[in-house]
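There are 2 protein chains.
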Amino acid sequence: MPKTVKIVRFHKTGPAEVLQFDELPLPDPGPGEVRLSVRTLGLNRAEVMFRNGQYLETPVSPSKNGYEAAGVIDAVGPDVDSSWIGKTVSTVPGTFKLNSHGVYGEVAVVPLKGIAEYPPSLSFEQGASIWMQYLTAYGALIWLAKVAKGDFVVITAASSSVGLAAIEMAKVEGAISIAVTRTAAKKAQLLKLGADHVIVTDEEDLVARINEITSGKGARVVFDPIGGPILESLAAAMAYRGIILEYGALAAEPTPYPLFTALAKGLTIRAYTLFELTADPVFTKAKQYVFDHLAPGAFRPLIDKTFPFAEIVAAHRYMESNAQVGKIVVTL
Amino acid sequence: MPKTVKIVRFHKTGPAEVLQFDELPLPDPGPGEVRLSVRTLGLNRAEVMFRNGQYLETPVSPSKNGYEAAGVIDAVGPDVDSSWIGKTVSTVPGTFKLNSHGVYGEVAVVPLKGIAEYPPSLSFEQGASIWMQYLTAYGALIWLAKVAKGDFVVITAASSSVGLAAIEMAKVEGAISIAVTRTAAKKAQLLKLGADHVIVTDEEDLVARINEITSGKGARVVFDPIGGPILESLAAAMAYRGIILEYGALAAEPTPYPLFTALAKGLTIRAYTLFELTADPVFTKAKQYVFDHLAPGAFRPLIDKTFPFAEIVAAHRYMESNAQVGKIVVTL
Chain A
26 MPKTVKIVRF HKTGPAEVLQ FDELPLPDPG PGEVRLSVRT LGLNRAEVMF
76 RNGQYLETPV SPSKNGYEAA GVIDAVGPDV DSSWIGKTVS TVPGTFKLNS
126 HGVYGEVAVV PLKGIAEYPP SLSFEQGASI WMQYLTAYGA LIWLAKVAKG
176 DFVVITAASS SVGLAAIEMA KVEGAISIAV TRTAAKKAQL LKLGADHVIV
226 TDEEDLVARI NEITSGKGAR VVFDPIGGPI LESLAAAMAY RGIILEYGAL
276 AAEPTPYPLF TALAKGLTIR AYTLFELTAD PVFTKAKQYV FDHLAPGAFR
326 PLIDKTFPFA EIVAAHRYME SNAQVGKIVV TL
Chain B
26 MPKTVKIVRF HKTGPAEVLQ FDELPLPDPG PGEVRLSVRT LGLNRAEVMF
76 RNGQYLETPV SPSKNGYEAA GVIDAVGPDV DSSWIGKTVS TVPGTFKLNS
126 HGVYGEVAVV PLKGIAEYPP SLSFEQGASI WMQYLTAYGA LIWLAKVAKG
176 DFVVITAASS SVGLAAIEMA KVEGAISIAV TRTAAKKAQL LKLGADHVIV
226 TDEEDLVARI NEITSGKGAR VVFDPIGGPI LESLAAAMAY RGIILEYGAL
276 AAEPTPYPLF TALAKGLTIR AYTLFELTAD PVFTKAKQYV FDHLAPGAFR
326 PLIDKTFPFA EIVAAHRYME SNAQVGKIVV TL
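Chains A and B, in that order, are what the protein sequence lines are.
If you're matching positions, the first sequence starts at 26 in our numbering and goes up one per residue.
If you're matching positions, the second sequence starts at 26 in our numbering and goes up one per residue.
These are calculated hints, taken from the structure and not from any lab test.
As the structure is a computational prediction, the values presented were derived from the model and not from experiment.
Treat the hints with care, as some may be off.
A pair holds if it fits inside one copy or across any two, identical chains being indistinguishable in the list.
With a cut-off of at most 20 Å between alpha-carbon atoms, the simulated EDC-like pairs for lysine to aspartate or glutamate come out as follows [as the list claims (entries may be wrong)]:
| # | residue 1 | residue 2 |
| --- | --- | --- |
| 1 | K28 | D305 |
| 2 | K330 | D230 |
| 3 | K242 | D305 |
| 4 | K112 | E278 |
| 5 | K242 | E301 |
| 6 | K31 | E229 |
| 7 | K242 | E278 |
| 8 | K290 | D176 |
| 9 | K290 | E301 |
| 10 | K196 | E336 |
| 11 | K28 | D53 |
| 12 | K242 | D221 |
| 13 | K290 | D305 |
| 14 | K290 | E82 |
| 15 | K196 | D176 |
Excised from the complex, chain A in its bound form:
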């Protein structure tokens, strides 16, 4: 092993360019930790927000970054079973702090709880494109909303990796997905990827179209990472006793709570992040569910574009362009 490794860190918050390659001593895994020789990194919106200082976790300079890596374990902490060495795994978001354990780098040290094996049929690129998207969707749709056959599920930011995972998950559960996207650019692809309906908000009235698709019944479930003014329209298009899962805060504007609509319909608005799932006993079941649907190809992580490690700044910029459909992956 080399004596030093490149780790991506930022010493101040700001645009993609704050990410820099720091040459650091090869880190040893501590108690309860493993070290990964990183082959791929899967990028997440959370990491852009963290870099900007807008995330739930506040960076402390110099800060690491990155939730998802796939690679091979090359060292384990003193109390960790050495049979893990040589295994191909990926890292699970929500089980460690970005600041201290972020995985952007040639190696990543994470807690043993923060790794999971995935089906060998998947590539390293797909390996880094599993847990954030499928576990986030599982926690919201299966665990909290109990999505069932025939449910109408509205999925905003549908072309994000989590959005696409939710479309696949709705399908395997027998629900009907209504993908919401801003422009017509991604409509055809969303339909091809399995969305039952696609609403283009720049061209169509969101409430009217959901009412039309649901024959006036409204949607039982909304899965939304945006917040802001769209919440009022989403509430207006909900069924009686529907549930809105808020799992992000992408909107720049404040979010109004639609009190009258909510009272008239008995609506639930549940805020949810992956941290809640990974801290709950349901975590084990959730990982198994995802594994079991990946193996036969019911879930297929979609890679939008790959960037070499040296171009991780460009990869962050590309994520901010919102041009992608699916996962942005960095290869080492």
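Given the structure of chain A, go ahead and fit chain B onto it with the hints provided.
Frame of chain A; chain B shown alone:
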């Protein structure tokens, strides 16, 4: 029976004075209905809002009003068991429309589903002060929030009849009630009525006080009929995975949804009205629960003030003054 009776109706929305006594033919109960010779009326905030045209139900002129009456059944519809005649009952809000079946009057015709017997130890004044307050609190605290021993329950508008019912209910469930009231005027009385803690928002910092009372843990349950800006403070004072029950819209200002706080804490905001409970199979169980706690005096409906029927306009005005602690009752 007289050939005509006085029924309180309004022919346009507006201040208390729009309520007028219309001399109408004695109404006969239709299929599935019973007629009550009214002895007392329990006033509700919903009826003030309905009169103002600000309620979930929109009045159609001339409109009746009133959810709660106690009295004696003096006639039944053609398909209703005549053994109901002569029984003392009260009416259950959420089981009929105010517009068509409002109970303000010398007689009231309501669906059989909309009446319930209550323990004979209660006065007619107390009989009209049961179902709105205890069923509303039951639906929110017991049915939806599953309040249990040791839970901290924040109750805003605590001196309203529903607020007082929630204080009593928290106590019988072993929870700790935190009553929230605007001015110091009602503090001593709220403590005397069983509130474990009282926060006076004009004088104290709501978030700091809740944190102090809960030793920094935050409240697991909030029961709030106000909405508006207070929602942000309430969310800031919640425990991880807490639930806020919104059951009214008293605030004049819009209600902001506290997205970041909600995400960080995994909060649920559930909008709830009594209509949902009365339409659910749990309704039967809820009525029994209330009856079983009324009979031995664990629940004691508190009457703030009574007005004679001729002064129902003054009674409405008094409700709008917010001076009351407990129920305002009109006697016939």
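Practice prompt. Compare the structure with the hints numbered earlier in the document and write down the numbers of the violated ones, lowest to highest.
Written response: 1, 2, 4, 6, 7 and 10
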